[in-house]
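*Asks:* Those protein sequences? They're chains A and B, same order as listed.
All letters in the first sequence, in the order written, are residues 1 to 170 by the working numbering.
All letters in the second sequence, in the order written, are residues 1 to 104 by the working numbering.
Heads up, a few of these hints could be off.
Stated by the list, open to error - Here are the simulated lysine-lysine pairs, DSBU-like style, with alpha carbons at most 35 Å apart:
#, chain 1, residue 1, chain 2, residue 2
1, A, K103, B, K47
2, B, K77, B, K99
3, B, K31, A, K103
4, A, K161, B, K31
5, B, K31, A, K66
6, B, K85, A, K29
7, B, K47, A, K73
8, B, K47, A, K29
9, A, K104, A, K22
10, B, K77, A, K22
11, A, K104, B, K31
12, A, K22, B, K85
13, B, K77, A, K66
14, B, K99, A, K22
15, A, K103, A, K29
16, A, K29, A, K161
17, B, K47, A, K104
18, B, K99, A, K161
Since the hints were made in silico from the structure, they are not lab data.
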Amino acid sequence: MTTQTAPAIVPNFDDDTATGRKLAIICSKGNLDMAYPGLILANAALGEGVETHLFFTFWGFDMITKSRMHDLKFTMLGNTATHMPQGLGGLPGMTAMATHMMKKQIADIGVPEVPEFLEQIVASGGHLWACRMSADMMHLTEDDLYEEVEGIISAADFIEKTDGAQLLFI
Amino acid sequence: MPVTTIAGRDIHVDDEGFLTVYDEWDDDLAKRLAAQIGVDLTEAHWKAIRFLREDYPSQGETATLRRVSVIGGIPTKDLFTLFPKKPAKKMAYIAGLPKPHGCV
């Protein structure tokens, strides 16, 4: 005989949702600070069971280019949100220092560096795509790119792959 | 704060159903919670659940997926297999803990 009288309150994990939500994120920036928003949102979406595709284009190509992905930089120049005199940003060594400081702040809160973050996104089921035009412009092939990039595709291919998705341009 | 009855016991939960009192949880309850969301607990599941339980008191918040993989040593990919679609929330629910608040 069961004593279960009140109905149990069970969280709704949307397991029975027939059509999945999809997210497409276009990463177009190669600065360290602008690499993170797309990665964090992709990671969050994947953790919520959302099918997620990232498209790396123009400067965002640096995020998946083997020779550069470990070395993205943050600069104070042109960024008034640092609330520092703009002239300071142009001094020799300032970009290196600002980059170092930002990397430390990011590491301090347990957030991985860009290559490791991409690894985590792929492990969570995320899809990485490289922009055909960017590859052609920079004379790069799949060999130059992070191994987990699924392919170099055209903008039209990406739009087709992400049919019905919500889209973010960063 | 709602009270729900699971396995014949009164259990304090939040509006979504996540347990709010750390000590109301035990292994038997975990099995019932898992069953309610369609998860069949294996030893691999337990490893993750135990890590979450042990980590919570010292951290004061539920471990994120990244913490479970980096500190708990369970690969992210495995977590998505064990607790499909929403591993962080499902693990937290079965472990009788609040949803994780961390972004990453």
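*Asks:* Where does the structure disagree with the numbered hints, that is, which hint numbers, in rising order?
*Replies:* Those not satisfied are hints 3, 4, 5, 7, 8 and 11.
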